[in-house]
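Student: Chains as they are written, first to last, in our numbering: chain P, 1 to 188; chain V, 1001 to 1184.
Please keep in mind that the hints were generated in silico from the structure rather than gathered at the bench.
Bear in mind that the values here come from a model prediction, so they are computed numbers and not experimental data.
Be aware that a few hints might be false.
[As the list claims (entries may be wrong)] Label-pair distances were calculated between CB atoms; the ranges are: (1) V:Asp1151 x P:Val41: 34 to 44 angstroms; (2) V:Asp1182 x P:Phe122: 23 to 33 angstroms; (3) V:Leu1008 x P:Phe122: 33 to 43 angstroms; (4) P:Asn125 x V:Gly1141: 42 to 52 angstroms; (5) P:Val171 x V:Leu1175: 18 to 28 angstroms; (6) V:Gly1132 x P:Phe8: 39 to 49 angstroms; (7) P:Lys109 x V:Val1060: 46 to 56 angstroms; (8) P:Asn188 x V:Pro1158: 42 to 52 angstroms; (9) P:Lys69 x V:Asp1151: 21 to 31 angstroms; (10) V:Lys1152 x P:Arg112: 37 to 47 angstroms; (11) P:Phe8 x V:Leu1056: 12 to 22 angstroms; (12) V:Lys1152 x P:Lys109: 41 to 51 angstroms.
[Claimed, not checked] Listed below are the simulated DSBU-like cross-link pairs for lysine-lysine, each with C-alpha atoms no more than 30 angstroms apart in a straight line: (13) V:Lys1152 x P:Lys26; (14) P:Lys57 x V:Lys1143; (15) P:Lys69 x V:Lys1143; (16) P:Lys73 x V:Lys1143; (17) P:Lys186 x P:Lys109; (18) V:Lys1107 x V:Lys1183; (19) P:Lys186 x V:Lys1107; (20) V:Lys1107 x P:Lys9; (21) P:Lys26 x P:Lys52; (22) P:Lys69 x V:Lys1138; (23) V:Lys1179 x P:Lys9; (24) P:Lys57 x P:Lys26; (25) V:Lys1138 x P:Lys26; (26) P:Lys109 x V:Lys1107; (27) V:Lys1035 x V:Lys1107; (28) P:Lys186 x V:Lys1179; (29) V:Lys1035 x V:Lys1183; (30) V:Lys1035 x P:Lys109; (31) P:Lys9 x P:Lys26; (32) V:Lys1138 x V:Lys1152; (33) V:Lys1035 x V:Lys1179; (34) P:Lys73 x V:Lys1152.
Yeah, the Cβ is synthetic: ideal placement off N, Cα and C, and Gly gets one too.
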Amino acid sequence: MNGQLNWFKGGLLLGAAFLVAVAFVKPIGVSTQFVIADGIVWNLFSDTVVQKNPESKSGYSSSNAYLNKSGGKYAKNIANPINYSFIFVLAMVAGAFLSSRLGGPQATKMDRSAPEVWRQRFGENPTLRYVTVFFAGVLVLFGARLAGGCTSGHMMSGMMQTSLSGYLFAVGAFAIGVPAAILVYKRN
Amino acid sequence: MTILLAILLGIFFGFALQRVGATNPQNIINMMRLKDLHLMKAIFFGIGVSSILLFLLMAVGVIDAGHLSVKSSYGGVIVGGAILGLGFAVAGYCPGTSLTALADGRKDALFFVGGGLLGALIYTLMYGSIQGTWLFNKIAGGKVMLATGSDKFQALLPMIPGTLLALIIGGIFMLIAWKLPDKA
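Given only the sequences and the hints, what does the whole structure look like? Please build it.
Tutor: Written out as structure tokens, the structure reads:
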């Protein structure tokens, strides 16, 4: 079980994680928690962004249309950060740390700035990598929120449940992602 | 109790992502440029196995079908998926793997997470002005799945028994995982 697992064992482990999550609670999702994290910070500086509201379905409402969506459920989770979905995402980091300590694959010092494929193409200067990846992060989370989920929620959890949205999302992501990767990094 | 489950299930998922190599952007970039499909095989296999077990266990009543949560289908799912796909291919990170990559000590993941927080904030602020547009027009009725099995969500193919359909789709996913070449 040391190092990186092959596709068979790795697929089983990954599948098991998605299955037990839906068996015990609900399908796995991650990207919403970026909104919740933003909201928690915003809420520190604003008295109006999240308010108790007995007329709202969740008991909370927001002056922001997105946080007020679906009966204010995002507003509620911002007001109560110790909720299932937010703690789940924090625990993921702990789980990855545990795996890395217990014989999982290791990143070299150079890998920690940029993966090898990047260094071969764009050189060793990490600044270009950091700036590019920052803007890629903006795109990824903006896209995930527009889509209503990310690789975990739409692609894995979605297709596991045979939801149409999961297939649509995967088509959109790979139709642009594959040519983009080939254009940026080439095939060789 | 739910918080304890959040901790245990979150640790399990993070552990799995790290161990399968998904926290390494090299693997994601090489998957997207069709160079090394090990991760794609693992993803297809994982979806296939979990889908088959999910529908079987729901059919025998071990898993409560009320736990399913099918997301809505609308134009923005494809457009958003495409925008995500671009960033995913260049960075080699998605939201979940960027956070777990922090545990590998990857500094570029930190910049990705920072950008992600900004992207999520931009969307939060923009939502009010785009919510009425075509991007949110429903496709095939919105919250739909292919297979029957849930009372909450409509099935697109109700003429086929849900468990059988899920077995077939899951089987196809497993077959693709098995047949895809490891290195290209």
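Student: Hints first: check each against the structure and report whether it holds.
Tutor: Consistency of the hints with the structure:
1. A hinted range of 34 to 44 angstroms holds for the C-beta pair Asp1151 of chain V and Val41 of chain P, which are about 39 angstroms apart.
2. In this structure the hint that Asp1182 of chain V and Phe122 of chain P lie 23 to 33 angstroms apart at CB holds, the actual value being about 26 angstroms.
3. Take Leu1008 of chain V and Phe122 of chain P: their Cβ atoms lie about 40 angstroms apart, and the range 33 to 43 angstroms holds.
4. Distance hint for Asn125 of chain P and Gly1141 of chain V: a CB-CB separation of about 50 angstroms, consistent with the stated range 42 to 52 angstroms.
5. The hinted range of 18 to 28 angstroms is satisfied by Val171 of chain P and Leu1175 of chain V, whose Cβ atoms lie roughly 19 angstroms apart.
6. The hinted window of 39 to 49 angstroms between Gly1132 of chain V and Phe8 of chain P holds, with their beta carbons roughly 47 angstroms apart.
7. Against the hinted window of 46 to 56 angstroms, the Cβ-Cβ separation of Lys109 of chain P and Val1060 of chain V comes to about 50 angstroms, which satisfies the hint.
8. Distance hint for Asn188 of chain P and Pro1158 of chain V: a CB-CB separation of about 48 angstroms, consistent with the stated range 42 to 52 angstroms.
9. Range check, Lys69 of chain P to Asp1151 of chain V: about 24 angstroms between beta-carbon atoms, so the 21 to 31 angstroms window is met.
10. About 44 angstroms separates the C-beta atoms of Lys1152 of chain V and Arg112 of chain P, a value consistent with the hinted range of 37 to 47 angstroms.
11. With their beta carbons about 20 angstroms apart, Phe8 of chain P and Leu1056 of chain V fall inside the hinted range of 12 to 22 angstroms.
12. Range check, Lys1152 of chain V to Lys109 of chain P: about 49 angstroms between beta-carbon atoms, so the 41 to 51 angstroms window is met.
13. A C-alpha spacing of about 14 angstroms is found between Lys1152 of chain V and Lys26 of chain P, which places the hinted pair at or below 30 angstroms, so the restraint holds.
14. Between the alpha carbons of Lys57 of chain P and Lys1143 of chain V the distance comes to roughly 20 angstroms, so the proposed pair stays at or under 30 angstroms and holds.
15. Note on Lys69 of chain P and Lys1143 of chain V: the hinted pairing holds, with a Cα-Cα distance of about 16 angstroms set against a maximum of 30 angstroms.
16. Only pairs whose Cα atoms come within 30 angstroms are accepted, and Lys73 of chain P paired with Lys1143 of chain V is accepted, the gap being roughly 18 angstroms.
17. Between Lys186 of chain P and Lys109 of chain P the alpha-carbon distance is near 25 angstroms, which keeps this suggested pair within the 30 angstroms criterion.
18. In summary, the hint linking Lys1107 of chain V to Lys1183 of chain V is supported, as the alpha carbons are separated by about 28 angstroms, within the 30 angstroms threshold.
19. At most 30 angstroms may separate the alpha-carbon atoms for a hinted pair to count; Lys186 of chain P and Lys1107 of chain V meet this at roughly 24 angstroms.
20. As the CA atoms of Lys1107 of chain V and Lys9 of chain P are separated by approximately 28 angstroms, the hinted pair is consistent with the 30 angstroms bound.
21. With a C-alpha separation of about 26 angstroms, the suggested pair Lys26 of chain P and Lys52 of chain P falls inside the 30 angstroms cut-off, and the hint holds.
22. In summary, the hint linking Lys69 of chain P to Lys1138 of chain V is supported, as the alpha carbons are separated by about 17 angstroms, within the 30 angstroms threshold.
23. Pair hint Lys1179 of chain V plus Lys9 of chain P holds up; C-alpha atoms about 16 angstroms apart against a cutoff of 30 angstroms.
24. The straight-line distance between the Cα atoms of Lys57 of chain P and Lys26 of chain P is roughly 20 angstroms, inside the 30 angstroms bound, and the hint therefore holds.
25. This hinted pair checks out: Lys1138 of chain V and Lys26 of chain P have alpha carbons roughly 23 angstroms apart, not beyond 30 angstroms.
26. Among the hinted pairs, Lys109 of chain P with Lys1107 of chain V is consistent with the structure: their alpha-carbon atoms are about 10 angstroms apart, no more than 30 angstroms.
27. At most 30 angstroms may separate the alpha-carbon atoms for a hinted pair to count; Lys1035 of chain V and Lys1107 of chain V meet this at roughly 24 angstroms.
28. Restraint check for Lys186 of chain P and Lys1179 of chain V: the C-alpha separation of about 24 angstroms stays at or below 30 angstroms, so the hint holds.
29. Straight-line distance between C-alpha atoms of Lys1035 of chain V and Lys1183 of chain V comes to about 6 angstroms, which keeps the hinted pair within the 30 angstroms bound.
30. The hinted pair formed by Lys1035 of chain V and Lys109 of chain P meets the criterion: a straight-line CA distance of about 24 angstroms does not exceed 30 angstroms.
31. Restraint check for Lys9 of chain P and Lys26 of chain P: the C-alpha separation of about 24 angstroms stays at or below 30 angstroms, so the hint holds.
32. Annotation: proposed proximity of Lys1138 of chain V to Lys1152 of chain V holds, straight-line Cα distance about 17 angstroms (limit 30 angstroms).
33. Under the criterion of a C-alpha separation no larger than 30 angstroms, the hint pairing Lys1035 of chain V with Lys1179 of chain V is consistent with the structure, at around 15 angstroms.
34. The hinted pair formed by Lys73 of chain P and Lys1152 of chain V meets the criterion: a straight-line CA distance of about 19 angstroms does not exceed 30 angstroms.
Checked against the numbered hints given earlier, this structure breaks none of them.
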